[in-house]
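The chain contents come next:
There are 2 protein chains.
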Amino acid sequence: MGFTFHLMKTEKEAGARLGKIITARGEFETPAFIPVGSQATIKSMTSDDLIEIGVEIISNNSYHLYLRPGHRTIEQLGGLHRFMDWNRPILTDSGGYQIFSLGQLREISTDGVTFQSHIDGSRHFISPKIAIEIQRSLGADIIMCLDECIPYPVSYEYAQRSTALTTEWARQCKESLRGNGQALFGIVQGGTFEDLREKSARELRKIGFDGYAIGGLGVGESREVMCRMVSRTAPLLPQESPRYLMGLGKPEDLIDAVMGGVDLFDCVIPTRNARNGMLFTSSGKLVIKNARHATDERPVEEGCGCYTCRHHSRAYLRHLYMARETLALRLNTIHNLYYYVHLIKQLREAIRQDRLLDFCQKWQKKRKEKDDL
Amino acid sequence: MGFTFHLMKTEKEAGARLGKIITARGEFETPAFIPVGSQATIKSMTSDDLIEIGVEIISNNSYHLYLRPGHRTIEQLGGLHRFMDWNRPILTDSGGYQIFSLGQLREISTDGVTFQSHIDGSRHFISPKIAIEIQRSLGADIIMCLDECIPYPVSYEYAQRSTALTTEWARQCKESLRGNGQALFGIVQGGTFEDLREKSARELRKIGFDGYAIGGLGVGESREVMCRMVSRTAPLLPQESPRYLMGLGKPEDLIDAVMGGVDLFDCVIPTRNARNGMLFTSSGKLVIKNARHATDERPVEEGCGCYTCRHHSRAYLRHLYMARETLALRLNTIHNLYYYVHLIKQLREAIRQDRLLDFCQKWQKKRKEKDDL
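Line order of the protein sequences matches chains F and C. For the working numbering, add 48 to where a residue sits in the first sequence, where the first one is 1. For the working numbering, add 48 to where a residue sits in the second sequence, where the first one is 1.
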């Protein structure tokens, strides 16, 4: 009933991998996209919506749930799966990213980090051990080590010190694990310095984790740097473990990272952009508020199998968006999540059938130069 | 394929009626509750959600749709049913109520009303003929005459003049009808003056409509006055036509009005209260934000068949509400609409089985004195 990763295939020309993750709450193939449920909900979605879309794993956020409603409350209510009525795998991040991006007045030491809540200003201390304890209470299938997400740009010295701290915290996280079936992933940091990334990966491998994440990217660096960091870091990670690129990215980023040998992705882009009226299609972005959609009877994408495209026109979606109706958030989110899940599914099929490069070339060609249709 | 009302039964002890309305887009039994879809959407609901709840007819708002996206746009897109993907009956109101409650700088004459849009301040003129024309473009199955909703309190003279105007407008609406299968309802006004209500009803009957609405209630008068107006007005309306109480009300108002012989209701209470975290149960109101629900694993109502109660605890709903998650709006709306639709269904069954008084007594008894559980 524990966590297992089967590497089923590595693509010949690129480094892309086809795998399968087995957890106590079901299995799913990789590459896989993980929609982000910060506060025990993928915004506007029920579990039934997610299942209809084809979502197989979701993430949740320890920082948010620790503050509200509290991990003890969720534990008392039978854990996160029961709390939010989601019976498939869940991944929780440690809260590190949010402590550093949302928390105020941070004080960092080898022991952990003290911060103020963004909700009410109350003071909190999280150590690696406490981060694991919170995630144990929540009961996710995959949990993450506490890390410091290094901002961009920073000096080599800052990145070096911070990466050493993340590695030390990873060691403490591993030691705090109770062996209750939760898979623990280590997080490679190192900023944009290749030697620090390499050192981080090497030391995490030595400690030994169920999976390895590439963290600290998509924080302001150029796309080129980001791609280089992914393509250099992924091969340093063990073949037999899943590789998880945290917090990224656009469809083209996912494709590049899959080619680079990454297995798991989580990102707020499909859901957040949906709420802002930006919809993904095979020919580029569609900005639903644009006047040209006002009388357009076509769905967002012809042939798309999502609920939104099967039932509603661009004209209706534009109307809902302009009238600030909450149904707009939901219908847009359904479409964008379906787009991501469907794209990743197509990538898996392409790897299975040895035609990934061909798929990627066709995918690029289909996109127009100008985004809004 | 036209509009038909069958009066199937009149309850012996009370004046309650069991009927059936047949339209080109399907039939449904009365008494029936009509959820309010102001802007071509019941806020946060898809059509599938509404069908699962058991909703058989919805309303839409001519004023809102005339201003945005425009009735011509909706007509061009195949009408309101197609625009919003709802294939069951729709009722549109004339916009009269919104012109008087939302519109600014109104000028009223026998010809119609000039007003400024609440969205952008633009000037508009709506005559009875234009109100019918807008509703013809929208293509609802049941449409309403333009009326002036009399505020409360007003002088007898104001109410008299206004009611005469509404009657004159009703006459013009009837004359503008093109006989395209849409059922037209007249609206009884008269404020809180029984003789004016009687005169209004008598004159509307003379003009002749497919159904008759009781308007201008729930605008500030006491519950006692409101009940008296309903119980005095309903018997003045033709037995063989449906009677529609506009804009009301709380569950107890619906029950009283059904006892008084009303067949149709629309009201924003279940949906608006849901968005404010107020949920209906058989034992009274439940305010979901209250701290006592924080660790309560029970559904909002034990045994309730709605999606929300089958899947989620009060603790989860409270968390979503406190975290301002949009899923809260949706799950709460599902529950409250189900409550209303289910209550009306129970009332129909009670009439069918000659036990309405008994049902109402038990229903009252079940409610606790103190509302929040």
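Heads up, a few of these hints could be off.
One copy or two, it doesn't matter: identical chains are merged, so the pair holds either way.
[Claimed, not checked] Once the Cα atoms are required to be at most 25 Å apart in a straight line, the calculated SDA-like pairs of lysine to any residue come out as:
(1) Lys393 to Glu181
(2) Lys60 to Val335
(3) Lys414 to Gly353
(4) Lys91 to Met370
(5) Lys177 to Cys408
(6) Lys337 to Gly118
(7) Lys410 to Val335
(8) Lys91 to Val335
Bear in mind the hints are in silico, worked out from the structure with no lab data behind them. This structure is a prediction, so every number in the text was calculated from the model and none was measured.
- State the violated hints by number, sorted upward, taking the hints as numbered earlier in the document. 1, 2, 5
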